[in-house]
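Q: Each residue of the sequence shown is one higher than the one before, starting from 1 at the first, in UniProt numbering.
Hints in this document: simulated from the structure, not taken from any laboratory. Since the model is a prediction, treat every value here as computed from it, not as a measurement. Fair warning: there could be bad hints in the mix.
[What the hints assert, rightly or not] For lysine to any residue, the following SDA-like pairs were computed, each having C-alpha atoms within a straight-line distance of at most 25 Å:
hint: 1; residue 1: K29; residue 2: S17
hint: 2; residue 1: K7; residue 2: N40
hint: 3; residue 1: K26; residue 2: N59
hint: 4; residue 1: K57; residue 2: E3
hint: 5; residue 1: K61; residue 2: A20
[As the list claims (entries may be wrong)] Label pairs and their computed distance ranges (CB to CB):
hint: 6; residue 1: N59; residue 2: A16; range: 18 to 24 Å
hint: 7; residue 1: H2; residue 2: N27; range: 24 to 30 Å
hint: 8; residue 1: N59; residue 2: R30; range: 22 to 28 Å
hint: 9; residue 1: I28; residue 2: N56; range: 33 to 39 Å
Even glycine gets a Cβ: it sits at the ideal position worked out from N, Cα and C.
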Amino acid sequence: KHELSGKKLICFATSASSTAWQDTCKNIKRRFPNLEHLGNFGCSNRNSTNTLREFNKLNIKKE
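Starting from the given sequences, assemble the full structure and let the hints guide the process.
A: Spelled out as structure tokens, the structure:
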């Protein structure tokens with residue numbers, strides 16, 4: 001086990017179906033509840049998203 005309190009989580013996932021990557025990110029978030037969740041990004045074979053545009057919307061503070 002690792003001490004993850006205060007660490008940040010950005011989930012990147014891909015899938016063959018249009019929504020499976022979202023389920024993967026939800027599962028990861030549930031497994032690591034001590035992480036500060038900043039956002040989810042994903043793409044699929046059927047419905048690509050503009051990941052860089054979405055990533056730039058995040059308010060990530062440099063430490």
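Q: For each hint, tell me whether it holds in the structure or not.
A: Hint-by-hint comparison with the structure:
About 20 Å separates the Cα atoms of K29 and S17, which keeps this hinted pair within 25 Å; it holds. Between K7 and N40 the alpha-carbon distance is near 16 Å, which keeps this suggested pair within the 25 Å criterion. Using a Cα cut-off of 25 Å, the hinted pair K26 and N59 holds, with the two alpha carbons roughly 20 Å apart. Distance check on the hinted pair: K57 and E3 sit about 28 Å apart at the alpha-carbon level, beyond 25 Å; violated.
The straight-line distance between the Cα atoms of K61 and A20 is roughly 29 Å, outside the 25 Å bound, and the hint therefore fails. Look at N59 against A16: about 32 Å separates their beta carbons, and that is not inside 18 to 24 Å. Evaluation of the 24 to 30 Å hint for H2 and N27 yields a failure: the beta carbon distance comes to about 18 Å. At about 23 Å, the CB distance of N59 to R30 agrees with the hint of 22 to 28 Å.
Against the hinted window of 33 to 39 Å, the Cβ-Cβ separation of I28 and N56 comes to about 22 Å, which falls outside the hint.
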